[in-house]
Amino acid sequence: MRMRALGVAALATLAFAATACGESQPASQSASPAAPGASASAPAAKSGGTLVIWADPSRVKPLKPFADQFGTENGVTVEVKEISKDNQTTFLTASQQGSGPDIMIGAHDWIGNLVQNGAIDPVTLTDEQKAAFSAKAMQAVTFNGQVYGAPYAVENIALIRNTKLAPDAPASIEDMVAKGKELKAAGKVKEVLCIPVGQKGDAFHVYPIFASAGGALFGATSTGDPDPKQVLVGSPDSVKAFGKLKDLGEKGDGALRTSITNENYIVNFAGGKCAYLISGPWAMSEVKKGGITYDITAVPSFKGGKPATPFVGVQTFFVASKGKNKALAQEFVANYVTNKDVAKALYEADPRPPALTAALQEVQASDPDAVKFMEAGKDGLPMPAIPEMAAIWEPFGIAENAVVKGGDAAKAAAAAQKAIDGSLKH
Amino acid sequence: MALDVREVPRKGGGPKAAPRPRREITTAFVVSRIAVLAVAAAILLYAVPPLVAAESWVSLALLGAVSAAIAYLYLTRRFIPAKYLVPGTVFLIAFQVFPVVYTVTTAFTNFGDGHRGDKAAAVTAIETGSVRQTPGSPEYAMTAALRGDELVFLLVDPKTKQVRLGDAKGLSPLAGAQVGTTGKVLAAPGLTVLKAPEAAARGQEISALAVPAGDGVIKANGLSRAVEGKAALVYDAGCDCVRGNGDTWMADESQGFFVNAKGEHLAQGWQVGVGLDNFARVLTNPTISGYFAGVFGWNLVFALASVLGTFALGMSVALALHHPRMRGTRFYRIALILPYAMPAFAMLLVWRDMFNRDFGLINQLLGANVDWLGETATARFGVILVNLWLGFPYMFLVTTGALQAIPRELTEAAAIDGATPWKAFRRVTLPLLLVALTPLLISSFAYNFNNFNAIALTTEGGPFPADNPQVGGTDLLITYTFRLAFGAGGAQFGFAAAVSVFIFTIVAVISAVAFRRTRKQEEVYA
Numbered sequence: 001m002r003m004r005a006l007g008v009a010a011l012a013t014l015a016f017a018a019t020a021c022g023e024s025q026p027a028s029q030s031a032s033p034a035a036p037g038a039s040a041s042a043p044a045a046k047s048g049g050t051l052v053i054w055a056d057p058s059r060v061k062p063l064k065p066f067a068d069q070f071g072t073e074n075g076v077t078v079e080v081k082e083i084s085k086d087n088q089t090t091f092l093t094a095s096q097q098g099s100g101p102d103i104m105i106g107a108h109d110w111i112g113n114l115v116q117n118g119a120i121d122p123v124t125l126t127d128e129q130k131a132a133f134s135a136k137a138m139q140a141v142t143f144n145g146q147v148y149g150a151p152y153a154v155e156n157i158a159l160i161r162n163t164k165l166a167p168d169a170p171a172s173i174e175d176m177v178a179k180g181k182e183l184k185a186a187g188k189v190k191e192v193l194c195i196p197v198g199q200k201g202d203a204f205h206v207y208p209i210f211a212s213a214g215g216a217l218f219g220a221t222s223t224g225d226p227d228p229k230q231v232l233v234g235s236p237d238s239v240k241a242f243g244k245l246k247d248l249g250e251k252g253d254g255a256l257r258t259s260i261t262n263e264n265y266i267v268n269f270a271g272g273k274c275a276y277l278i279s280g281p282w283a284m285s286e287v288k289k290g291g292i293t294y295d296i297t298a299v300p301s302f303k304g305g306k307p308a309t310p311f312v313g314v315q316t317f318f319v320a321s322k323g324k325n326k327a328l329a330q331e332f333v334a335n336y337v338t339n340k341d342v343a344k345a346l347y348e349a350d351p352r353p354p355a356l357t358a359a360l361q362e363v364q365a366s367d368p369d370a371v372k373f374m375e376a377g378k379d380g381l382p383m384p385a386i387p388e389m390a391a392i393w394e395p396f397g398i399a400e401n402a403v404v405k406g407g408d409a410a411k412a413a414a415a416a417q418k419a420i421d422g423s424l425k426h
Numbered sequence: 001m002a003l004d005v006r007e008v009p010r011k012g013g014g015p016k017a018a019p020r021p022r023r024e025i026t027t028a029f030v031v032s033r034i035a036v037l038a039v040a041a042a043i044l045l046y047a048v049p050p051l052v053a054a055e056s057w058v059s060l061a062l063l064g065a066v067s068a069a070i071a072y073l074y075l076t077r078r079f080i081p082a083k084y085l086v087p088g089t090v091f092l093i094a095f096q097v098f099p100v101v102y103t104v105t106t107a108f109t110n111f112g113d114g115h116r117g118d119k120a121a122a123v124t125a126i127e128t129g130s131v132r133q134t135p136g137s138p139e140y141a142m143t144a145a146l147r148g149d150e151l152v153f154l155l156v157d158p159k160t161k162q163v164r165l166g167d168a169k170g171l172s173p174l175a176g177a178q179v180g181t182t183g184k185v186l187a188a189p190g191l192t193v194l195k196a197p198e199a200a201a202r203g204q205e206i207s208a209l210a211v212p213a214g215d216g217v218i219k220a221n222g223l224s225r226a227v228e229g230k231a232a233l234v235y236d237a238g239c240d241c242v243r244g245n246g247d248t249w250m251a252d253e254s255q256g257f258f259v260n261a262k263g264e265h266l267a268q269g270w271q272v273g274v275g276l277d278n279f280a281r282v283l284t285n286p287t288i289s290g291y292f293a294g295v296f297g298w299n300l301v302f303a304l305a306s307v308l309g310t311f312a313l314g315m316s317v318a319l320a321l322h323h324p325r326m327r328g329t330r331f332y333r334i335a336l337i338l339p340y341a342m343p344a345f346a347m348l349l350v351w352r353d354m355f356n357r358d359f360g361l362i363n364q365l366l367g368a369n370v371d372w373l374g375e376t377a378t379a380r381f382g383v384i385l386v387n388l389w390l391g392f393p394y395m396f397l398v399t400t401g402a403l404q405a406i407p408r409e410l411t412e413a414a415a416i417d418g419a420t421p422w423k424a425f426r427r428v429t430l431p432l433l434l435v436a437l438t439p440l441l442i443s444s445f446a447y448n449f450n451n452f453n454a455i456a457l458t459t460e461g462g463p464f465p466a467d468n469p470q471v472g473g474t475d476l477l478i479t480y481t482f483r484l485a486f487g488a489g490g491a492q493f494g495f496a497a498a499v500s501v502f503i504f505t506i507v508a509v510i511s512a513v514a515f516r517r518t519r520k521q522e523e524v525y526a
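Order-wise, the sequence lines are chains A and B. The first sequence begins at 1 in full-length UniProt numbering and counts up by one. The second sequence begins at 1 in full-length UniProt numbering and counts up by one.
I should point out that these hints are in silico values taken from the structure, not numbers from a laboratory. Errors might be hidden in some of the hints.
Calculated lysine-lysine pairs in the DSSO-like style (CA-CA distance at most 27 Å, straight line) [to be verified]: (1) A:K340 / A:K306; (2) A:K340 / A:K378; (3) A:K324 / B:K119; (4) A:K378 / A:K251; (5) A:K273 / A:K164; (6) B:K159 / A:K130; (7) B:K262 / A:K418; (8) B:K83 / A:K324; (9) B:K184 / A:K130; (10) A:K61 / A:K425; (11) B:K184 / B:K161; (12) A:K340 / B:K159; (13) A:K85 / A:K64; (14) B:K161 / A:K229; (15) A:K324 / A:K190; (16) B:K169 / B:K195; (17) A:K240 / A:K372; (18) A:K288 / A:K164; (19) A:K251 / A:K181; (20) A:K64 / B:K119; (21) A:K229 / B:K119; (22) B:K169 / A:K324; (23) B:K184 / A:K340; (24) B:K195 / A:K324; (25) A:K61 / A:K344; (26) A:K188 / A:K251; (27) A:K130 / B:K230; (28) A:K181 / A:K306; (29) B:K230 / A:K324; (30) A:K344 / A:K181; (31) B:K169 / A:K130; (32) B:K262 / A:K425.
Next comes chain A alone, as it looks inside the complex (with noise of 0.2 Å):
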């Protein structure tokens, strides 16, 4: 009979797992109601509530005190759990499945996607929480007149200059490239102008002297939002706009090349093979790396043309429509990282310029770099958050690389807008 013994043994060792499992449970649940009052110094699961936020790598460090002190104030576990690729995508499925956070972390921009996907809740502000912040950063978080999130720290790019090879900031682009060219002819960098390109073109970088030529992607609604039944992407505007893209390419000035990609562009200004660098505050460690002296601008725009509008783009907290605990997430999305110290100290883990203007104000005196992005991206265009966007950026940058290798911009132009609408009909 030594099957049965065996058969026993393997029940013993199933219902031994099962009881393992299952006393586990009741045991942390009986313990639950036990001390909330004990709670400032013990956050752990004793009250039952735990929140969940979702961010990317380079925020968690920072976030941790105060989630952490969050946690202790309201006797609560906070969680911050990090995720490194597709956020937005992970966030989403992670959401429909029912295993998503209570907040997460991401820019602004995600907001259409995310609001047609019904994965993020308004957020109420008072009046008073929305005059704190810097309009853009109000503006770029509104959608459909609603506010869907809080937002925290505000980027754009800028020009950034070697102070050692070109000390002025030019006035304009052909200011600019004229002095990039000079310092090529003279052997003292390789390259006019550091911006990437790459070989499907980079529509976010190119933006600002896109717009500058006076190209555009969409219209506007009479609310002043981006309208997606507009794409101007092939406009007889944006045709010029390309034009003049082609004419700083490489069969023109040479300031745009297909050879500078997302991946050399920075380290190449860093060491000192161009004297401009068009890129955001993300670029600054590696910049400082570099033992260059440096300055920020605002990117220049053409002589007589609109002004280079960077995109904006903000950080922010959301709270998940499908999260458990969603009281606990509007506590700390609205009431506790609108908070000027929490900002501030937020920014001094990661420094980006802070949305909260009490918090940059404080930090200007510190750090002269984040008031000059600030500064830079005054004009900027908040990056459009309607869902439509998705369908600008491939096609756009496809266009932009076919106009700095030589072609034709009306071709490109049209093609871009005909992949566009196309896209857009499903």
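Following the hints, complete the assembly by docking chain B onto the known chain A.
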């Protein structure tokens, strides 16, 4: 391993058949049995709570039945073959059959951005998304409290400091409450004021409580504030429509949207079956069907060149190292395996940077100024070259293995018969190698036919002609359709699934034909 020591059953089998001899029980047998049962039990324990929470009773019943069947199977002494087959079958179903079935069923839906959830979720999202704060209404400082067991809100108007009690019926004045400096109620007669942790624990109740006020409701905003608001859009189950803002949006079950008279729809939709729409779109969309032939042709060239190139190179190297006079073979083998041992993901990115016109290693070494990835011809050459480099060590390995199985006497005999080395290789070694390796070549073809990484990480499908941003010079069917399904207009899983079905069909047909030819070839050489 279990040893079956039963004798061959005797024919006839009289009424008193001999008792079945006992099988010998080894340690490995016991361990493997416990392992299978433990895995089954672990899956059961892990999956039950979420299934109960999601109320998917069918899946739960299925899971229970399968677990019971497995337990029964391994706790009895019968069903010997099944004991070996079941684990493999379970994994086959879980990792092969289920994904295929899921992909095919998804292909008939509009699952994607804007259509991820069900209708109820869309309605909730529409209603909560349209809640506006009532103009001029105060932002109350809120304190959660208990009246007996019932949750109520204590609302303090920040201007008047007047305290009111809100419950599901409405607002009523509250006298005798003690208000702290921040506007929080510290104590109230007959009520238990909840402390922060207690309130946090009741978060769901707090979010759910709506206090009617005016023509809207007061709802908690976090744990310490409350605002009066009203949903601008409201779902009406009677007409299956959403009303508000002076318009009506009717539910359209064929699209999974609420659509108004002008044909405009609300942003939030839900998942519906769309029949063959996705398949029709693949076939009729001019940007897909119009470029299909070109992309398909290049796709075939890429897959064939990758397979034949890697095979030719890998085999040549293997043959060279197989030569009896070759010295230092171990060193060469290690060196040759290196590309295969490196993570392809990283290597592809390194190659991409090496092809850079101005900063790349290749142009610097050659002193050239070729825009490798910027011209269709050179980009195609480049990706094939990269794939060759990444793939030949695999072919080298398998050929080396297969060569060991071919007796040297055969080639020696051929030499004695007067065959040149080339002839001996062509007539003796190669056919024997091919018999062993053709299935691997076919699977390698199928793999390279869908080699998404090789293209996406090097050229991203480019270079793109100025007049067409959708079809690049090095696009394979898989990268091209990935761009169509996920590049613009958000993720469209249903459409992507339909395309996958098409690609699967193409690869399956090619493989089936190739296998059939191989069988014929085997018959010739057997």
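Now the hints, each set against the structure:
For the given pair, K340 (chain A) sits about 36 Å from K306 (chain A) by alpha-carbon distance, which is inconsistent with the 27 Å threshold. With a C-alpha separation of about 21 Å, the suggested pairing of K340 (chain A) with K378 (chain A) holds against the 27 Å cut-off. For the proposed pair K324 (chain A) and K119 (chain B), the alpha carbon gap of about 20 Å is at most 27 Å, so the pair holds. Distance restraint check for K378 (chain A) and K251 (chain A): the Cα-Cα separation of roughly 33 Å exceeds the 27 Å cut-off, and the hinted pair is therefore not satisfied.
For the hint linking K273 (chain A) to K164 (chain A), the alpha-carbon distance of about 12 Å falls within 27 Å, and the restraint holds. The straight-line distance between the Cα atoms of K159 (chain B) and K130 (chain A) is roughly 19 Å, inside the 27 Å bound, and the hint therefore holds. For the hint linking K262 (chain B) to K418 (chain A), the alpha-carbon distance of about 24 Å falls within 27 Å, and the restraint holds. For the hint pairing K83 (chain B) with K324 (chain A), the CA-to-CA distance comes to about 42 Å; that exceeds 27 Å, so the pair is violated.
Only pairs whose Cα atoms come within 27 Å are accepted, and K184 (chain B) paired with K130 (chain A) is accepted, the gap being roughly 22 Å. Restraint check: the Cα-Cα separation between K61 (chain A) and K425 (chain A) comes to about 42 Å, which exceeds 27 Å; the hinted pair is violated. For the hint pairing K184 (chain B) with K161 (chain B), the CA-to-CA distance comes to about 10 Å; that is within 27 Å, so the pair holds. At roughly 23 Å between alpha-carbon atoms, K340 (chain A) and K159 (chain B) fall within 27 Å of each other, so this suggested pair holds.
Proximity of K85 (chain A) to K64 (chain A) is assessed by CA-CA distance (about 20 Å); at most 27 Å being required, the pair is judged to hold. With a CA separation close to 49 Å, the supplied pair K161 (chain B) and K229 (chain A) exceeds the 27 Å bound. Note on K324 (chain A) and K190 (chain A): the hinted pairing is violated, with a Cα-Cα distance of about 55 Å set against a maximum of 27 Å. Of the pairs offered as hints, the one joining K169 (chain B) and K195 (chain B) holds, with about 24 Å between alpha carbons and a cut-off of 27 Å not exceeded.
Taking the CA atoms of K240 (chain A) and K372 (chain A), the gap is near 31 Å; set against the 27 Å cutoff, the hint is violated. For the hint linking K288 (chain A) to K164 (chain A), the alpha-carbon distance of about 14 Å falls within 27 Å, and the restraint holds. With a CA separation close to 14 Å, the supplied pair K251 (chain A) and K181 (chain A) stays within the 27 Å bound. This hinted pair does not check out: K64 (chain A) and K119 (chain B) have alpha carbons roughly 37 Å apart, beyond 27 Å.
A C-alpha spacing of about 26 Å is found between K229 (chain A) and K119 (chain B), which places the hinted pair at or below 27 Å, so the restraint holds. Between the alpha carbons of K169 (chain B) and K324 (chain A) the distance comes to roughly 26 Å, so the proposed pair stays at or under 27 Å and holds. For the hint linking K184 (chain B) to K340 (chain A), the alpha-carbon distance of about 21 Å falls within 27 Å, and the restraint holds. A hinted pair counts as satisfied when its Cα atoms are at most 27 Å apart, and K195 (chain B) with K324 (chain A) qualifies at roughly 20 Å.
Of the pairs offered as hints, the one joining K61 (chain A) and K344 (chain A) holds, with about 15 Å between alpha carbons and a cut-off of 27 Å not exceeded. A threshold of 27 Å between alpha carbons decides the hint, and for K188 (chain A) with K251 (chain A) the separation of about 22 Å falls inside it, so the pair holds. Straight-line distance between C-alpha atoms of K130 (chain A) and K230 (chain B) comes to about 20 Å, which keeps the hinted pair within the 27 Å bound. Simply put, K181 (chain A) and K306 (chain A) have alpha-carbon atoms about 23 Å apart, close enough for the 27 Å limit, and the pair holds.
Among the hinted pairs, K230 (chain B) with K324 (chain A) is consistent with the structure: their alpha-carbon atoms are about 23 Å apart, no more than 27 Å. Of the supplied pair hints, the one linking K344 (chain A) and K181 (chain A) is violated, its CA atoms being roughly 42 Å apart against a limit of 27 Å. Pair hint K169 (chain B) plus K130 (chain A) does not hold up; C-alpha atoms about 31 Å apart against a cutoff of 27 Å. Between K262 (chain B) and K425 (chain A) the CA atoms are separated by roughly 16 Å; this keeps the pair inside 27 Å, and the hint holds.
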